[in-house]
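Here is how the chains run, residue by residue.
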Amino acid sequence: MDFNDTPEEAAFRTEAARWLADNQLTAQDTEGLSRLAIAKLWQKRKYDGGWACIGWDEQYGGRGATPIQRVIWGQEEEKYNVPSRFFVIGQGMIAPTIMAWSSPECCDRFLPKLASGEEIWCQLFSEPASGSDLAALRTKAEPEGDEWVINGQKIWTSGAHYSDYGMIVTRTDPTVAKHKGLTAFLVDMKAPGVETRPIKQLTGDSDFNEVYFTDVRVPDGFRLGDVGQGWQVALTTLMNERLAIGGGGSGADVPLAMKIAREVTINDQPAIKDSAVRAKIANFHVLEAGLKYNGYRALSALSRGDLPGPENSIGKLVGAPKLQDIASFCMDLLEEHGALWSDDFESLTGMAQRSYMGAPGLRIAGGTDEIMTNIIAERVLGLPQDPRADKGIPFNEVPTGN
Amino acid sequence: MDFNDTPEEAAFRTEAARWLADNQLTAQDTEGLSRLAIAKLWQKRKYDGGWACIGWDEQYGGRGATPIQRVIWGQEEEKYNVPSRFFVIGQGMIAPTIMAWSSPECCDRFLPKLASGEEIWCQLFSEPASGSDLAALRTKAEPEGDEWVINGQKIWTSGAHYSDYGMIVTRTDPTVAKHKGLTAFLVDMKAPGVETRPIKQLTGDSDFNEVYFTDVRVPDGFRLGDVGQGWQVALTTLMNERLAIGGGGSGADVPLAMKIAREVTINDQPAIKDSAVRAKIANFHVLEAGLKYNGYRALSALSRGDLPGPENSIGKLVGAPKLQDIASFCMDLLEEHGALWSDDFESLTGMAQRSYMGAPGLRIAGGTDEIMTNIIAERVLGLPQDPRADKGIPFNEVPTGN
Amino acid sequence: MNFEFSEEQLMLREQARGFLAQQCPPAKVRAVLDGDQGHDADLWARVGEMGWTATAIPEAYGGLGLGYYELAIIAEELGRAVAPIPFSSSVYLATEALMAFGNETQKARWLPVLASGECIATFAHAEGPGQTTASSLATTLSDNTLSGSKKPVVDGECAHIAVVTCQSSSETIQLCLVELDQDSVSRQPLQTLDFSRGHAAIDFTNAAAQKLGDGAVSWRDFEALLDRAAVLMAWEQLGLADKALEQACDYAKQRYAFGRPIGSFQAIKHKLAGMYVKNAIARSNAYYGAWALASGSESLPLAAATARVASIQASLHAAQENIQTHGGMGFTWEFDCQFYYRRAKLLSLALGSERHWQDRLVTALEQQTATAA
Amino acid sequence: MNFEFSEEQLMLREQARGFLAQQCPPAKVRAVLDGDQGHDADLWARVGEMGWTATAIPEAYGGLGLGYYELAIIAEELGRAVAPIPFSSSVYLATEALMAFGNETQKARWLPVLASGECIATFAHAEGPGQTTASSLATTLSDNTLSGSKKPVVDGECAHIAVVTCQSSSETIQLCLVELDQDSVSRQPLQTLDFSRGHAAIDFTNAAAQKLGDGAVSWRDFEALLDRAAVLMAWEQLGLADKALEQACDYAKQRYAFGRPIGSFQAIKHKLAGMYVKNAIARSNAYYGAWALASGSESLPLAAATARVASIQASLHAAQENIQTHGGMGFTWEFDCQFYYRRAKLLSLALGSERHWQDRLVTALEQQTATAA
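Protein chains in written order, with our numbering: chain C, 357 to 758; chain D, 357 to 758; chain X, 27 to 399; chain W, 27 to 399.
Among the clues, some could well be false.
To be verified - In silico lysine-lysine, DSSO-like type, Cα no more than 30 Å apart, as pairs: (1) X:Lys279 to C:Lys556; (2) D:Lys536 to C:Lys747; (3) D:Lys556 to W:Lys279; (4) W:Lys177 to D:Lys629; (5) C:Lys496 to X:Lys54; (6) D:Lys747 to X:Lys177.
In case anyone wonders, no lab produced these hints; they're calculated from the structure. Because the structure is a prediction, the values reported are computed rather than measured.
Input sequences plus hints: build the corresponding full structure.
Next comes the structure, spelled out in structure tokens:
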């Protein structure tokens with residue numbers, strides 16, 4: 357075991373760090389710009405310097421970097437406060453799908469502009485009646501000449517309101533089994549008939565949208581895979597979602613709990629001296645450290661040239677409920693004061709509350725706790741599937757309760 | 357709310373208490389007798405005095421008492437150290453089944469001797485391949501003249517080795533659906549072909565048996581209900597099992613944990629001063645008190661003439677894991693010393709260990725945690741059943757994995 | 027043995043539930059949540075007309091002279107309805123403080139208007155983050171002059187009067203009564219994570235105030251006041267927990283995935299059964315708490331702490347797993363799941379947190395053992 | 027970045043697993059459980075021949091001079107096999123104490139026979155129920171004469187020598203080395219809930235003993251010894267936890283109820299996934315613990331406590347839910363589930379319980395923050 361880079365890794369890291377130091381955004385560069393504009397500026401600068409989407413082939417703007425090089429680049433880039441979330445879906449999840457399933461023309465048309473940040477993408481999978489049961493989607497696509505006409509509603513679409521294009525999965529045949537009647541397309545989000553409405557969340561924020569499609573026309577050339585192959589196409593996207601090794605993001609954590617516990621008192625002593633407080637903090641640390649070192653093990657696998665396995669799916673499953681619990685615990689330490697709403701997320705209460713309000717969403721988005729647990733049981737432990745009430749039944753005959 | 361008896365209840369309690377005081381077993385009575393012999397002696401004395409099985413009709417030896425009178429009698433009798441467990445299955449579970457499903461001849465033949473303690477009964481339901489899935493039993497009964505011939509194996513039979521009779525559920529038709537091909541019988545446990553073998557448990561004790569049936573002959577008059585009605589008959593027995601309101605039994609509990617926590621130290625202070633210890637004890641008390649007052653609420657329902665509902669099934673579901681947890685916690689307080697095996701169950705470690713070793717059985721016997729949880733979900737909350745892979749399929753075609 | 031409410035009490039429950047279904051539907055809660063008022067003044071007025079604020083106040087002071095069983099029942103229903111009104115501050119705490127510690131003049135002056143609901147009272151104790159103890163209190167009262175800062179004060183933005191805790195000694199506490207509409211009192215409205223209940227920071231700068239009763243109150247008597255409020259709060263939390271469970275069950279029966287109701291999946295059905303079990307434990311403990319409160323039992327400290335810990339655990343769990351059962355919809359502003367999630371956490375932070383009551387529970391157990399020995 | 031064992035180390039694991047499958051099948055564990063010996067002497071001899079007892083001992087003292095990664099790997103495999111041998115006492119504790127604190131003469135005398143396995147050593151610390159601290163120790167050493175009672179001493183019934191803790195000051199501890207086969211040492215064999223590991227109470231009445239090293243050891247250095255052992259113990263617990271999970275999964279795939287494998291019911295499959303998650307967290311923390319131990323990192327106290335707490339939680343949970351998954355059969359003497367249940371609890375009580383290590387973990391976190399500041 358060795359936490360240090362190999363000589364090759366170290367050389368790559370030096371090169372990356374140097375470029376970043378030389379090309380970082382200055383206050384002057386970003387003055388007056390929105391987060392989105394800053395993100396586009398930075399992405400373009402990386403693209404021009406050959407540091408955008410480094411894992412991609414050169415022809416699309418990348419440099420054919422290895423997975424561990426991508427991680428090293430990420431670690432170095434993370435040291436600078438650059439906005440990146442606008443591109444995660446397009447570059448991390450949809451681009452690999454385009455590479456795998458679309459025509460060379462589409463690749464040439466879309467990938468370089470994805471890499472340069474010129475075009476932003478969203479993913480249109482979920483629907484009101486298909487959440488955990490993703491393949492139960494109902495948005496229709498019907499052929500008309502060499503076009504398809506899309507009608508239906510998508511939901512939980514991040515970034516739909518600022519996206520240029522989207523990847524959509526539709527039902528093209530409701531008379532065959534659920535997974536068999538789907539077809540995937542690329543869709544112009546500015547096309548007539550596309551309407552986006554923000555969803556207000558529990559937190560008060562609106563990170564997601566509903567997107568309505570009314571007679572939206574898509575050329576057949578924007579089809580991904582064959583007609584009826586939409587589920588396999590979607591799986592490529594989802595697999596890339598799971599493979600994305602991201603930083604855990606910020607939120608209530610052990611350092612925050614320790615900080616609060618040093619500042620408040622219990623029975624007129626610092627709360628950190630209280631044994632019950634200590635036991636809880638210790639348990640939270642076990643989870644946080646376990647996830648951190650789990651991540652190190654996944655990196656080691658990448659470094660050896662292996663792909664991390666499905667055991668990586670414990671991250672969200674452990675992390676989201678832990679976030680909820682530790683946020684609640686931090687508020688408890690503050691007693692009644694813990695309830696005071698603070699928009700200052702740097703403050704003790706603000707960070708705890710933001711986490712407490714956001715955690716329920718984290719436990720649901722991208723696969724609920726229950727779905728993630730099923731995945732571990734079936735794919736890691738090899739346990740048998742649940743009996744499937746919808747198996748082999750034409751989609752339009754599957755019970756829906758209505 | 358009032359914890360006191362109604363005037364009628366108080367009068368009954370006084371009468372019961374007086375009889376018990378006048379008729380209690382003396383040291384002289386029990387000298388040299390086994391627990392079983394003492395139990396039989398006491399049961400006979402109650403029978404002769406009109407205090408056996410008081411809820412039964414007079415013709416079978418009872419006095420037609422109300423449910424709350426039975427509870428009051430139980431509370432008063434509990435004050436005397438009398439062994440009763442030998443009769444619980446026969447009197448509490450099988451007798452109601454006999455009353456509901458057997459011929460008047462069988463009632464007259466068996467019930468008075470059940471009430472007087474002259475005959476002891478066991479319940480022969482579970483089999484190696486039918487545990488949680490009780491109706492999947494395979495022991496065969498085949499008609500021959502006006503007799504039935506039984507072949508097969510039962511398991512987890514409490515008291516089989518000292519029982520005179522048993523109630524057995526058998527499969528009389530394997531070609532119909534699982535629940536439909538069953539028939540129940542009374543069976544003489546001393547008949548040729550009945551062989552009993554004790555099962556050694558995790559605890560080292562042998563409370564249960566395997567019972568093998570080889571060409572055991574049972575007269576058709578010993579049948580309970582019609583041929584094919586065995587499942588309904590068994591449900592009568594199981595319902596009475598759930599209705600039995602018993603004392604929780606002894607084991608590791610909050611008073612034990614408090615006692616240990618006062619005697620051992622943490623950081624050279626009594627462990628009871630440690631905040632983490634206190635938080636755990638508080639949580640255990642919440643469960644213990646909750647179950648206790650849940651029991652009071654069930655008694656109130658009885659007192660009003662209502663039957664306690666299925667919500668009573670939380671007792672074992674909460675109590676068994678709690679027992680396991682608090683036993684483990686008590687051992688932790690003792691540190692390495694907590695592992696020392698003690699046959700003295702009155703000692704601090706002995707009680708904790710007995711509970712720790714016994715709790716896994718309690719979480720399984722009479723319905724696993726998982727089955728009890730399903731019962732609450734379906735019968736109390738009205739949630740839909742699991743899809744049934746064996747529904748409507750002939751029993752001999754249900755997948756068994758073999 | 028009768029460990030159940032009486033017929034009349036059960037009828038009161040039905041009545042209260044029906045009243046709140048009419049007068050406090052989710053839309054009313056949402057209106058306060060989305061609006062800039064800290065409570066629903068109209069609902070408060072109607073609750074006053076129903077006599078709920080008068081429940082436990084003796085008839086001599088304009089109350090109904092009913093008991094704590096009735097108040098527990100009302101608390102449960104208010105919890106189910108997530109009612110956006112200052113009931114707990116005014117009734118469980120301030121009114122109780124007046125009845126326990128006030129002198130005759132004070133009772134005669136304030137109890138009738140508290141009973142009618144004309145006057146809203148609150149209870150100002152916390153002085154910033156963390157636990158408030160006899161020795162941490164910095165607010166002072168001398169010569170009927172009150173100085174100090176209280177934050178947060180639940181329902182402090184709408185209350186007319188406040189019972190305020192002031193420093194005394196390490197083993198006693200001075201309570202005082204202060205009218206909030208005076209120049210030397212300044213109020214800063216505060217939002218909490220539950221937008222449907224107003225809070226405030228209140229600064230007293232030589233404000234006119236009077237001692238509640240005649241002198242300082244022992245810490246033990248003060249804790250008894252909190253014990254009483256904790257029982258009622260436990261019932262409110264229990265009502266909330268049961269409502270959240272019902273909502274989750276309803277959704278699980280009606281929402282389909284993979285061709286069947288999600289409530290037929292053990293992942294969901296066992297989750298809901300787990301919520302039910304916690305609620306059942308909390309309910310039985312709340313019954314005992316109500317009995318101990320109503321009967322003036324010596325076991326009140328233990329009964330209150332047990333009921334409170336059980337209800338905190340049940341309500342937080344039910345509220346969060348209700349959202350989880352609803353999936354993405356549960357996380358939207360549009361769905362009502364958020365009401366329970368916000369309120370459950372708010373109530374769990376009132377009167378001292380889970381750890382505080384766990385500690386008190388064991389103290390009560392120790393005292394019980396000591397008494398028995 | 028390489029946070030994985032080397033090829034050679036992974037090969038050692040395969041080899042160790044194969045060896046134990048042959049030499050320590052469940053029947054061997056059962057033989058000790060059912061018999062009246064506290065360990066399997068034959069297995070111990072073979073383990074010595076394999077050089078496992080010599081793993082971390084320098085070559086100069088007859089050891090293999092390998093490191094702690096190798097010892098962690100062996101510990102994991104011993105845990106999987108529930109090996110009934112005094113490995114942890116002799117290797118993780120006594121040998122380590124000798125290497126850390128012994129003088130040259132002591133090392134030269136004892137390490138070679140510990141390396142070969144000829145000599146079994148144990149570590150005698152506890153003196154009755156509850157926590158043992160510097161100030162609670164009553165055993166004394168003066169002029170090479172040892173007096174006191176140690177109970178329980180793990181593997182004390184078969185050990186030849188013992189490292190014994192004696193009182194010194196409130197901040198130091200005196201360790202001594204004592205040969206157990208002498209008249210002034212009396213041993214009383216003790217059974218624990220794990221019948222497959224012998225224990226003893228040992229009374230020393232002016233027994234001949236010698237200081238380990240030259241003087242008292244600081245409490246901090248003593249804790250470092252326990253930290254080192256805790257990492258290795260965590261690996262042993264982890265091996266046990268993984269084996270229990272595997273057993274439960276195998277059973278859940280093969281046992282049918284209601285016409286399908288019980289492992290297809292979410293009640294069971296989510297239970298098993300939950301065990302997997304705890305084990306995965308424990309494994310990642312154990313990796314970091316091994317790294318901190320092997321590299322002599324300053325983060326050893328935090329890494330050790332984290333690994334230990336995670337492994338206690340994972341192994342107790344896995345062992346108990348393995349029984350639950352097996353239903354009635356899991357509760358029989360005949361099935362092997364009991365091995366894991368007994369051993370998991372025994373190991374969780376060694377070296378200080380969960381609460382002890384939770385406390386140490388936060389102390390280490392506090393020190394880390396203090397250092398960073």
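Each hint tested on the structure:
1. Our distance criterion of 30 Å between C-alpha atoms is met by X:Lys279 and C:Lys556, whose separation comes to about 26 Å.
2. About 28 Å separates the Cα atoms of D:Lys536 and C:Lys747, which keeps this hinted pair within 30 Å; it holds.
3. Distance hint between D:Lys556 and W:Lys279 is fulfilled; the C-alpha atoms sit about 26 Å from each other, no more than 30 Å.
4. About 25 Å separates the Cα atoms of W:Lys177 and D:Lys629, which keeps this hinted pair within 30 Å; it holds.
5. For the proposed pair C:Lys496 and X:Lys54, the alpha carbon gap of about 38 Å is over 30 Å, so the pair is violated.
6. This hinted pair does not check out: D:Lys747 and X:Lys177 have alpha carbons roughly 62 Å apart, beyond 30 Å.
When each numbered hint is compared with the structure, violations occur for hints 5, 6.
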